[in-house]
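Construct the entire structure; sequences and hints are all you get.
Using this note's numbering, read the sequence shown as starting at -17 and increasing by one per residue.
Since the hints were made in silico from the structure, they are not lab data. Just so it is clear, CB atoms sit at the ideal spot from N, CA and C, and this is done for glycine as well. Hints may contain errors.
Claimed, not checked - Just the calculated beta-carbon pair ranges, DEER-fashion:
(1) 25 to 77: 51 to 57 Å
(2) -16 to 57: 36 to 42 Å
(3) 40 to 6: 24 to 30 Å
(4) 52 to 2: 37 to 43 Å
(5) 3 to 75: 54 to 60 Å
(6) -1 to 76: 55 to 61 Å
(7) -1 to 53: 18 to 24 Å
(8) 51 to 0: 26 to 32 Å
(9) -16 to 17: 48 to 54 Å
(10) 57 to -1: 45 to 51 Å
(11) 55 to 83: 21 to 27 Å
(12) 42 to 83: 22 to 28 Å
(13) 56 to -1: 46 to 52 Å
(14) 3 to 24: 21 to 27 Å
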Amino acid sequence: MPVYEYMCDACGPFTDLRPMAECDDPQLCPTCETSSPRVILTAPNFSCMPASQRNAHATNEKSRNAPMTVGEYKAKHAPGCSCCSGIKKPARLQTRTKSGAKGFPTARPWMISH
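Okay, here's the thing in structure tokens:
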């Protein structure tokens, strides 16, 4: 259940945990028990949300006001970048000969090296 904010004319602001179906209904003040209307005093709290979802919200909010230009995007991301997709590329198997030459046995096993 979400926490809603209410404003009592006599006592000031207070919060209460209520079902979403009752979000617009007035609530009794815990101090003086007068009916108080719901108000929005603070921004929604995203602390319980997973970090990836919080970052997505922040990115969307930023792009709404100041979208990234193509030049800024290219400077941030190299070709084949996988940082935005969330899929990690597996590390390539690499071998070295005694002379120091690199080999990639799993890259294309059907190709003959020169």
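Tested hints:
Checked against the given bound of 51 to 57 Å, the beta carbons of residue 25 and residue 77, roughly 54 Å apart, stay inside it. The hinted range of 36 to 42 Å is satisfied by residue -16 and residue 57, whose Cβ atoms lie roughly 40 Å apart. Restraint check, residue 40 to residue 6: a C-beta distance of roughly 29 Å satisfies the suggested window 24 to 30 Å. At roughly 42 Å, the beta carbons of residue 52 and residue 2 sit within the given window of 37 to 43 Å.
Distance hint check for residue 3 and residue 75: the Cβ-Cβ separation is about 57 Å, which falls inside the suggested range of 54 to 60 Å. Separation of residue -1 from residue 76 is about 56 Å and conforms to the stated range, judged on CB atoms against 55 to 61 Å. A hinted range of 18 to 24 Å for the beta carbons of residue -1 and residue 53 is inconsistent with their spacing of about 48 Å. The hint said 26 to 32 Å for the Cβ distance between residue 51 and residue 0, and at roughly 45 Å that hint is violated.
A hinted range of 48 to 54 Å for the beta carbons of residue -16 and residue 17 is inconsistent with their spacing of about 20 Å. A hinted range of 45 to 51 Å for the beta carbons of residue 57 and residue -1 is consistent with their spacing of about 46 Å. Our hint of 21 to 27 Å for residue 55 and residue 83 is violated, since their Cβ atoms are close to 37 Å apart. Checked against the hint of 22 to 28 Å, the pair residue 42 and residue 83 fails, with Cβ atoms roughly 48 Å apart.
Against the hinted window of 46 to 52 Å, the Cβ-Cβ separation of residue 56 and residue -1 comes to about 47 Å, which satisfies the hint. For the pair residue 3 and residue 24, the supplied restraint of 21 to 27 Å holds, since their beta-carbon distance comes to about 22 Å.
Of the hints listed earlier, those the structure fails to meet are numbers 7, 8, 9, 11, 12, in rising order.
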